[in-house]
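Line by line, the protein sequences give chains W and Z.
Residue 111 in this note's numbering sits at position 111 of the first sequence; the count goes up by one each step and never skips.
Residue 182 in this note's numbering sits at position 182 of the second sequence; the count goes up by one each step and never skips.
Calculated directly from the structure, the hints in this document are not laboratory data.
Idealized CB from N, CA, C, for every residue including glycine.
Just so you know, not all the hints are guaranteed correct.
Said to hold, decoys possible - Subject to a maximum C-alpha distance of 20 Å in a straight line, what follows is the list of computed EDC-like cross-link-like pairs (lysine to aspartate or glutamate):
1. Z:Lys-188 x Z:Asp-56
2. W:Lys-92 x W:Asp-144
3. W:Lys-18 x Z:Asp-103
4. W:Lys-239 x W:Glu-88
5. Z:Lys-188 x Z:Glu-213
6. W:Lys-83 x W:Asp-324
7. Z:Lys-84 x Z:Glu-17
8. Z:Lys-84 x W:Asp-324
9. Z:Lys-84 x W:Glu-88
As the list claims (entries may be wrong) - Quick partial rundown of chain Z residues pointing at chain W, CB under 7 Å, derived from the structure:
10. Ala-79
11. Arg-82
12. Tyr-111
13. Ile-209
As the list claims (entries may be wrong) - Covered stretches of chain W, as calculated for chain Z (at least 3 residues, CB under 8 Å):
14. 3 to 13
15. 307 to 318
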Amino acid sequence: MNTMRLINHSAEMMGRHKVRTGFMMIGSFIGVAALTLVVSVGIAAERKLVKLAHQMFGESSLMIIDGGGHMMGGPRNPGTRLKIDDLEAIGKQVPEIESWDAQQGLTTSVRRGDSTDIAQVLGESERSEHVWGRPAVQGAYFDDSAVKSSERVALIGQTVVNQLFGNEDPMGQEIQIGSVPFRVIGILETWGTDPHGMDRDNEIVVPISTLMRRLTNVDTITGAKLLMAPSAQEVQVVKAINTILRERHGLAANQPNDFSILTASQVQEVMTSIKKILTLYLPLVAAISLLAGGIVSSTLMVASVSERAAEIGLRRAVGARTEDIRLQFLVETTATTLAGGVAGILFGYVLAHMGAAHMHLGSVAPWGAALLGIVSSTVVGLAAGLLPAQRAARMSPVDALR
Amino acid sequence: MIELNGITKTYTRPGGEPVNALIDVSLQIDDGEFVAIVGTSGSGKSTLMNILGLLDVPSEGSYRLRGEDTAGLAAAAQAQWRNKRIGFVFQTFHLLPRTSALDNVELPLLYSDRASIRGLGRKALESVGLGDRIAHRPSELSGGQQQRVAIARALVNEPDLLLADEPTGNLDRQSANEVMAIFQALNKSGRTIVLVTHDADIASHCQRIARIERGGIVADQRVAEPKIALQDAL
């Protein structure tokens, strides 16, 4: 018995039953396409999240945000109590804090001649580059004297550059933020879009003192980022900050916080649950559709076994052993499912590519998903083929030929 | 070639009552014989054919094929025998649809351990006069041509025993004649042929006629002068 010959023959047989083969292929096609889509988009989204969390938090840092309540989800109490003084006090009293930078934000119109843009304007200090970890790719950040004297200087993101300057060199040029003229002294590193869909390149960084005095006219801050010493215990630092801020804000024991502290481990927790959704639950849903496809294949194949009884009987009569019949039906089912799966991988990858481009996730790597698609459609094909193959092999040649 | 001794075959009907399809059948067929087994439907002739072809096993009695007792054969060995030593021809041809004549003829080679199968299918088709029809599908062939494809399939592994179950049952006179001419030619070249039919005229082409009734052989006699089927059709 020549097994390769039989396998070739079985694959050929599928071409002679185009309708059935087509329906069987659709099942695994859809399942594998869905699987490829969610797995490759999931991987890209996860990579993007990790990068973002790293941008926001680095190795060991905290954020303090004005207003109480929960950070992630749920309404937050509007807070207008957090000030730079609070941060200075924390910096002095908590030795584990190595550096910090307060931030005040404002969304406003930016103009240069006839070109306008609505940008997020962030007021930060001379420690901004170090604490927030976003370097200037051209020019440089302002120094402490610029902050002290509230100089009207700005670093702008790439989107702002494109909107206001096109192909011109923005360095040293003047722009109007609100109605106040600023001089461009640097261009910020490109960061792309964050998960909320915010374009992080449509940002402008100016000295916080200038922002407060010239644009917002308030002395409270939106939040601050604090860098801890690598050896610091996060829990203790958070506790110390809590005590200091509650005391400074004069909160009684029964009053809730009017600020929130976001730690790297909290973000990690959220990341873990998002990762779970991306890499476990979504693929699971896709896998269920593949399973449904497998059941369809199996059912069609079982029906085909009864329909092809005479063929099975004939094969037995001309010398096929039960194993040969079993192998034939197993190969037919698996080859079909696999072919549908391969087509599904290609289609799923195209979808993933389009989806990732739409969501600014960067490139999607197809190999992991392709391998998964091939393996899973083969496994589903083998499983779907078991029952029909068994039925075909068990068929008595005498009954089959009758 | 064939030695049947006291063969009984009992089936159990779906209702549970046993039916004797064959009762104590003994039959001996020598090498090179051309035997017709005649009987009405339900007489047990198909059951006898299935046992001869190793598709079914007797409930009682012994079947020796070329001197070997078939009772001891494993399923895989039986399949091997069917593949190499026995060729089957059926009333309804049993050709695979949407499959060329050549691919149909080569089907037994799929289950053969021959190293080289090149040219065997074409040779078999040529031997039944269909060398110019190898790429045709069954739906593109007449009934007689389809049965000749089926005969070529039975011949492709060069077996020395051919079993034909009502091979002319679905054919017109002309085609039946062609098929019988092929069988006579094959018999002349040394093949043993057992042919089941209910048609006395077809049976009269054979050298010997065994009549089967209600599961038993009731008559077994030589044909003094077998009818010669016309060869010119080929």
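Consistency of the hints with the structure:
1. Z:Lys-188 x Z:Asp-56: Violated: Z:Lys-188 and Z:Asp-56 sit about 29 Å apart, past 20 Å.
2. W:Lys-92 x W:Asp-144: Roughly 18 Å between the alpha carbons, so the hint for W:Lys-92 and W:Asp-144 holds.
3. W:Lys-18 x Z:Asp-103: holds (18 Å)
4. W:Lys-239 x W:Glu-88: OK: W:Lys-239 and W:Glu-88 at ~17 Å, within 20 Å.
5. Z:Lys-188 x Z:Glu-213: Since the Cα atoms of Z:Lys-188 and Z:Glu-213 sit roughly 29 Å apart, the hinted pair is violated (cutoff 20 Å).
6. W:Lys-83 x W:Asp-324: violated (81 Å)
7. Z:Lys-84 x Z:Glu-17: Distance of about 37 Å is beyond 20 Å: violated.
8. Z:Lys-84 x W:Asp-324: Roughly 16 Å between the alpha carbons, so the hint for Z:Lys-84 and W:Asp-324 holds.
9. Z:Lys-84 x W:Glu-88: violated (96 Å)
10. Ala-79: holds (4 Å)
11. Arg-82: holds (5 Å)
12. Tyr-111: holds (4 Å)
13. Ile-209: violated (24 Å)
14. 3 to 13: holds (count 3)
15. 307 to 318: Contact hint for the stretch 307 to 318 of chain W vs chain Z: holds, 8 residues under 8 Å.
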